[in-house]
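Asks: These are the residues of each chain, in order.
There are 2 protein chains.
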Amino acid sequence: MPPTETGSRQPARAELRGKKVVLPDEAEGNQVYIKGYYGKPLSGGGLELDLLEATYLAESGRIAISDAGSPYPMSELVSLATRDIPGFEIKYIVYRDVRQRGYVVKPGTPPLDFRVLPRGGAPGKAHSKYWIAAISERGIFDARALMSLMESTNRVRKVFLLAVVDEEGDLTYYKVKDVVPRGRLKFAQLKAPADGLILEDRVLVLEPSEAAALHASGFYGKMMGSGLQLSLLEAGYLSEEGALNLRDARTGKRLAWKKFRESAMEQQPDFELRMRVYRDLKSAGMLVKTGFKYGSHFRVYEGDPDSTHARYLVHAIPADYRSMWAEISRAVRLAHGVRKEILLGRVGETEIEYLRLERIRP
Amino acid sequence: MPPTETGSRQPARAELRGKKVVLPDEAEGNQVYIKGYYGKPLSGGGLELDLLEATYLAESGRIAISDAGSPYPMSELVSLATRDIPGFEIKYIVYRDVRQRGYVVKPGTPPLDFRVLPRGGAPGKAHSKYWIAAISERGIFDARALMSLMESTNRVRKVFLLAVVDEEGDLTYYKVKDVVPRGRLKFAQLKAPADGLILEDRVLVLEPSEAAALHASGFYGKMMGSGLQLSLLEAGYLSEEGALNLRDARTGKRLAWKKFRESAMEQQPDFELRMRVYRDLKSAGMLVKTGFKYGSHFRVYEGDPDSTHARYLVHAIPADYRSMWAEISRAVRLAHGVRKEILLGRVGETEIEYLRLERIRP
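Chains as they are written, first to last, in our numbering: chain F, -10 to 351; chain D, -10 to 351.
Excised from the complex, chain F in its bound form (with noise of 0.2 Å):
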C-alpha cells in the first residue's frame, strides 16, 4: 500500500528501528505528532511509532519508510506487523477505521486494545471517551471474558466497545453496558389453584372460569376458545406458586412440581435456566412471553401488553456461555430489526446479570 495522497507535503523521512519506526528529524516529528498525536515525542527529539501507527501512516503517504538506507517496503511492514501483533490484521482493521472516523487513538491496557479520545481531544488533556477491543467475527464469544472487560471500563467510567470485523472487513461496532431490567406491573394472587392438563409441550387449563381467571392475573397464557393455553415455563411457574395443579392428560394424575420439572427438562435441557431468567425478570415486575418468532427466549414487556410493545428481548445464558461470535452478531441485528433492546441473562450461582449489546455507529 504505497502512497495514496500525499496532498502537497512531502512524506516524512522514517527509519525502521527494531520493532519500531522513528522519525528521526524533530520538526517532521513534531508535524506528524501534532496532525492527529500519533506515536511518542522522543525526549532527544524525533518521534517513535508503534507498527500499527506507522503502517497507517505509510499507508496514507505520510511517512516514507527506508531500512539501513533503502527503502522499506510495504508488503514487509505488514509481515513484520504480523509476526510481531497477534491478530494485526484485526487490530489495524479497526484502528484504521476509528482514526478514519476523525478520533485521535491510543493503545489500550490489554486485553483492550485501543483507547479512543473525544474528537478534537489531546492526549494528557482529555480523558479518552472509548474503550475499544477489536475482535474477529470467527472468534469466539465468551461471556465471562466480557462480563470481566465491562467491569474494568466500568470502574473508569469508559464506553466500552467491541468492534467486530468480519471477513470482508466490514466493522460492525457494539455498545456493552449491564442493565437493571425494571417493570411496572403487579400481578394478582389467585384464591384457589387453577387445574392443569399436561399435553407434551404444553399445559391446559379447561374450565372456563378457571382459564378466565389465570389469564386475567398476570396476562399468561394464549387463550384457545374458553380454555388457556400455558407453556411449560408459565405452568411450572404458577404451579411453584401455588396458582396451578399439574395433572398427566393421559393418565388424569397429578404430578408433583418435581416430577413436572423432570419431564419438562427432557423436552427443553435448558428448562432451569431459562426458569430463573423467567423468575427473576417477573420479580421485577415484568412480563415475560417467548421471543421465538424473535430467535431468542423471551420477549419482555415493561408493562400491559395490549397498550405497549415488548422492550427487550432477552437471551438465558449460563455464566460461562461460549459461542461464535457470528451466532450473537445474528441476535442483536434480529433486535434491531425489531426495535428492541437485546439483553444476555447471565445466570450466576445466585444472581442474574443482565448485559445490553447495542449497534451503534462511535
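Read the hints as simulated data drawn from the structure, not as lab findings.
Treat the hints with care, as some may be off.
[Stated by the list, open to error] The list that follows gives simulated cross-link-like pairs (lysine-lysine, DSS-like), each with its CA atoms no further than 27 Å apart:
#1 9(F) x 242(D)
#2 282(F) x 164(D)
#3 95(D) x 211(F)
#4 29(D) x 118(D)
#5 247(F) x 180(F)
#6 211(D) x 164(F)
#7 118(D) x 282(F)
#8 95(F) x 147(F)
#9 282(D) x 329(F)
[Unchecked claim] Computed spacing ranges between beta-carbons, pair by pair:
#10 297(F) x 272(D): 44 to 52 Å
#11 72(F) x 339(D): 36 to 44 Å
#12 168(D) x 25(F): 46 to 54 Å
Since we're looking at a predicted model, the values are computed, not measured.
We put the beta carbon where it would ideally sit given N, CA and C, even for glycine.
The hints should help you fit chain D onto chain F, whose structure is shown.
Replies: Frame of chain F, contents of chain D only:
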C-alpha cells in the same frame, strides 16, 4: 372448553364410539357436514368425525358429545385425543387456525398432516391447495426429511407449508420451495496472477495495479487504501482459478492451494462446504459476499452490487443437516426483516439444492 358460541342453534347430538365421534341423526349430520365439510357421511346416514374434528366442533359448541348416555367432558376428549394422536396439541392448534381462516381441512397422507382446500372448495370437487406439516418449535429441523416432503408435494403440484407452533401456541407458516438461483454477471479473466499475502483469516493484495485489476474483474474483496483485502473463500477461489499466488505473510513463501485449504479449514471448519456453495453460485452468474452481518453465510447479488441490493441470503448446509427449528426460524425472520429471500444451500455429493423458506399468511 364447553360451548362458547352456539348461535341460535342447539348443538348437534354426538356419541363417542371408540376413537371416533358419530352424529347418528341424519339431518344433524348433514347440517354439520354441509357447513364446512367436517367428517365423513356414513352410508347408512349420520356423520363420523375424527378426534381433531370432534374437538374443534365441541369447543365451538356445534356438537355435544355423550358417552353411553352421559355427557362426555371436554377434558376426557382432550385426554383421549392426546393418547391416540401423537403430537395432538400441535396438530390441533394448526387444524383450529386453518379452520378459523375459513379453509376446509382434511387429513393428509402421513407424514404430511393436512390437505387444505381453496376457500369455497368442496371435497371431491376442488383440488387441495396446500399440504401442511404441523411442527413444534421445539422439534428438530431435518433437511433430508424436509426435502423428501417437498418432493412429494412437488410431484402433485401443491404448495408445501410448514406450520410451526411456538410454546405460546402462536403459529408461523413457512412456504417451502426448491429454487434455482441465477444471476446475470460475467466475470473478467485475468492475464497474470496477483500476489496475495495470507494473514490469519484474510488475504492482502498490496501491489496497487494488481489489487485494482483483481477487484475490478469481479468485485472481489474490499479496497483498503490502494490495497485489496480478500476473504479466505475469495482467495481460495481465485487461487484455484489461477488468478492469485498465495504467500504466507510471516515467511513470504508461496503456499500451495492444498496447504492453504488445510490452514483455512483450521480457521473455518466448514470452509469446504461453504466453498462448494460459493463456487456454485458464482458459476451461475451471481456475486457472492459474506452474509455475516445478516447472520448467514452469504449475501448474493444477481447483478452489479453498486446498483442492486443482494436478493438472497444463503446458508450452506450438509445434505443431512439437523438443527433446532428455533434456529431456522431466526434466520428466516432476519432475512424477512431486511427484505431478502433466505435459501438453504443443501450440499450433496454432486449437486447443490436450494430450498427457499418464506413466511406467509395463508
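Asks: Are the hints correct? Go through all of them and say.
Replies: Right, here's what the structure says about each hint:
no., hint, result
1, 9(F) x 242(D), "24 Å, holds"
2, 282(F) x 164(D), "16 Å, holds"
3, 95(D) x 211(F), "26 Å, holds"
4, 29(D) x 118(D), "20 Å, holds"
5, 247(F) x 180(F), "23 Å, holds"
6, 211(D) x 164(F), "25 Å, holds"
7, 118(D) x 282(F), "26 Å, holds"
8, 95(F) x 147(F), "14 Å, holds"
9, 282(D) x 329(F), "17 Å, holds"
10, 297(F) x 272(D): 44 to 52 Å, "50 Å, holds"
11, 72(F) x 339(D): 36 to 44 Å, "42 Å, holds"
12, 168(D) x 25(F): 46 to 54 Å, "51 Å, holds"
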